[in-house]
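> One letter stands for each residue in the lines below.
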Amino acid sequence: GDGRMGVVYNGDDWNFSSRIRVSFTASGTTDGGLEFGGSVRADQAIAATRGTSASVYISGAFGKLSMGDVVGAPEALFGDFYEVGYTDLSSAGGSNDIGYLTADNGGNVDCTSVGPGISACANSGPNLLYTGTFGAFSVAASMSDGKLNGATIGGLGVPVAVGNSTVATLTTETSVTQEYAIAGAYTFGNYTVGMGYEYSNGRNQLSGTDMDVDMISLAGVGQFGNTSVKAVIAHRGQDADVDWYGIGASSVFGATTVGGYIQYAEDNNANTDVTWYGLGAEYDLGGGASIKGGIADSDVSGSDAVADLGVKFSF
Amino acid sequence: GDGRMGVVYNGDDWNFSSRIRVSFTASGTTDGGLEFGGSVRADQAIAATRGTSASVYISGAFGKLSMGDVVGAPEALFGDFYEVGYTDLSSAGGSNDIGYLTADNGGNVDCTSVGPGISACANSGPNLLYTGTFGAFSVAASMSDGKLNGATIGGLGVPVAVGNSTVATLTTETSVTQEYAIAGAYTFGNYTVGMGYEYSNGRNQLSGTDMDVDMISLAGVGQFGNTSVKAVIAHRGQDADVDWYGIGASSVFGATTVGGYIQYAEDNNANTDVTWYGLGAEYDLGGGASIKGGIADSDVSGSDAVADLGVKFSF
Amino acid sequence: GDGRMGVVYNGDDWNFSSRIRVSFTASGTTDGGLEFGGSVRADQAIAATRGTSASVYISGAFGKLSMGDVVGAPEALFGDFYEVGYTDLSSAGGSNDIGYLTADNGGNVDCTSVGPGISACANSGPNLLYTGTFGAFSVAASMSDGKLNGATIGGLGVPVAVGNSTVATLTTETSVTQEYAIAGAYTFGNYTVGMGYEYSNGRNQLSGTDMDVDMISLAGVGQFGNTSVKAVIAHRGQDADVDWYGIGASSVFGATTVGGYIQYAEDNNANTDVTWYGLGAEYDLGGGASIKGGIADSDVSGSDAVADLGVKFSF
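Residue numbers (our numbering), protein chains in the order written: chain V, 1 to 315; chain P, 1 to 315; chain Y, 1 to 315.
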């Protein structure tokens, strides 16, 4: 498991922030030599019974097949940028996450307010992810099953029951959200380059209208001495028209690590753009504890910089 | 714990379905030699603090006394039929469950809709189950305490708080749901025969009206070489008038197991009847993994056959 | 973990009551010799990711710093009275808890009904607690960060999402609830005396109006042979005017422990007073099991005595 405690500046005030989480990892091997297993945190336990949190896998010479709340194919190969701050500071609006189009969220769609403060979402259910490495080449493919999977209360990932354990039928318009993605990468020495393509249709939780969006992304990762650098260029097309660039780096000096990222996105339809960045440092105290802090900001008018400083534990 | 991943045909489309669950089992022995313990899954943790999921027990020469989300007395002795498919395919309408009248559900009663997609239920709370074996005879008795135990959000089994941790008082009509059941079985060689009687009053979550229902069931189980056969005949009486028959079997051939069931119920008041069946097979991969699939269907007009195929893990 | 099963008399009827809970404790040591860790139960797992249940700590020669759902400073030093019954019988209205003003509840504030049976609360988030012992002196200090921390469904301690994982903004009036508390104790031989001061402003979940309340408490604890006695005198002032007295004791005779408490509170503004008491006994069965029962009552008109008798398990 893991824990953390410290203070967070939310742009207006300093607040305490702490948490503790317990993790379980399980694995086994079949008589034929296939490996299988999964992992789940205690706080994900309810949604994990439906495959909208946590995941299971089976792997062998063919690669690894995972199902559940898996990341999309490009994220499986390229990951995100260095996480800034002990709480990741995503409350700044942006974050260290790279804005992949698919997966990584359990697939909530068609959210409907069912009262003040409560909304119900449909969920596209567990996603499937394949990853494989063949010499210098890595490949990944992912997809959702594109079907609504019962209404959930958004934050809980748990089916809402009407009466005695019957999943509710919300009177939301029917939509079929289908997601799929493929990605490939080539590694030579300390350098990796790769490309990903993602497609999503029917993702209407924001606009309320059906739309088709695809996204192509190019990524490069390099290790230069103590420093790791990652850069990604992407474009969202079809019903969207967004250009997006991001670069991040981290350096290790003994017990100290510093890192950061800067990202830029331009919506050519809306004629708007936004830049956001994060910068952080951590010091390893040994035994699984570290001090970590960071600052993040964006040029969105009306938003303020956020910062945090705290202790992280790994059990 | 356990996990599973695969595909399910819901009568209309194929969907991904996966899950992972973590289980905890605890036990101890008193100085006087009584054994005690319990088991709970992480996803049941909240409801388990109220006894509406999971259970605890104390056992000794007198037998075993369990409290919580226990099965009723007949189910404790006769069980259900062979589980078909890697997801049990209960979405077909019917399932491998034998339609016992009492217990086995935490006792949700008097469910009331509190908004689209959300309902609140009262819950009869933890049930009590006694089982004992004396030579060739097995006996079981179970009961609910028959009192409403606070409103819950149906799917969560968790009390809903108004204000600061106070359980809500829903303006549902007061009802007193009382359940009790007794069962006995006699085993000779590879054969077991038994009988159960169950009684429930006030179970009005479906009709909205108070009703008394009792159920008498006769069960026979036999082991013939590699094949196990189970048959149950039952009648629901008092305010209900339902005849019900079911038979199931499973056979083991090395690493392969095949099994199935067919059930028939006739409602003499409504003058309707329904037949449903399931058929499945599994292949043990060793190490705790198996491939399992099945098909289930009913003769309800407008319903389609459902099927699944997937991998099951046991950790 | 722990479990329990038995029967509870709620003033009107006897009901079954059982539960099982799983606990996780984690700890580590930094290279510099600081200790860190935390504990969480499976049923707290969701709220523990936000610091409104469970807690983490770091400790060293300076004392111990805890964050999360911690108790306030006086409770950290003086605790509560002997717990009566196997379920603690808090349903009697009163309980063995000493009525400290701050912390110990995750800080739910500004609760708003969002439908029948469901309310949403803001939460002051994780609290901070410092405790230290220097020779015969013990000191403690605690505080909340006084900021609203997103709306929650009261009983769940989990943020309610609108759409895809965004925390809802309830249209509740803004309030700033700030809590802080300090306490000190002096121990000589078998006796401890101490004093605490607590302050809370904006705690309006009951009255709907902002109010300032402070509380001063004097506590004495003594061990006389097999018997431990604790007495507390307190006064709530500023916008409140409440006098409060309580005394409790427990005695150990071999495997048997008996204990109880009596408390009295007088609201000088409302010109009302209430007396409540509890009396219980337990017998250790060995191996982590005990039989425990108790009775509790108050002189509130219309309320009845409650009682319970059951078995407790410790795993």
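Watch out, some of these pointers could steer you wrong.
[To be verified] Using C-beta positions, here's what the derived DEER-type ranges look like: (1) F137(P) <-> T25(Y): 16 to 22 Å; (2) T275(V) <-> Y186(Y): 56 to 62 Å; (3) A270(Y) <-> D12(V): 48 to 54 Å; (4) K64(V) <-> G33(Y): 39 to 45 Å; (5) D12(Y) <-> G286(V): 54 to 60 Å.
If you are wondering where the hints come from, they were derived from the structure by calculation, not from laboratory data. Source: prediction; values computed, not measured. The beta carbon of each residue, even a glycine, is placed where N, CA and C say it ideally should be.
> For each hint, tell me whether it holds in the structure or not.
To see whether the hints hold, each was checked on the structure:
1. F137(P) <-> T25(Y): 16 to 22 Å: This hint is violated: roughly 45 Å between Cβ atoms.
2. T275(V) <-> Y186(Y): 56 to 62 Å: holds, 58 Å
3. A270(Y) <-> D12(V): 48 to 54 Å: violated, 38 Å
4. K64(V) <-> G33(Y): 39 to 45 Å: The hint (39 to 45 Å, Cβ to Cβ) holds, given that K64(V) and G33(Y) are roughly 41 Å apart.
5. D12(Y) <-> G286(V): 54 to 60 Å: holds, 58 Å
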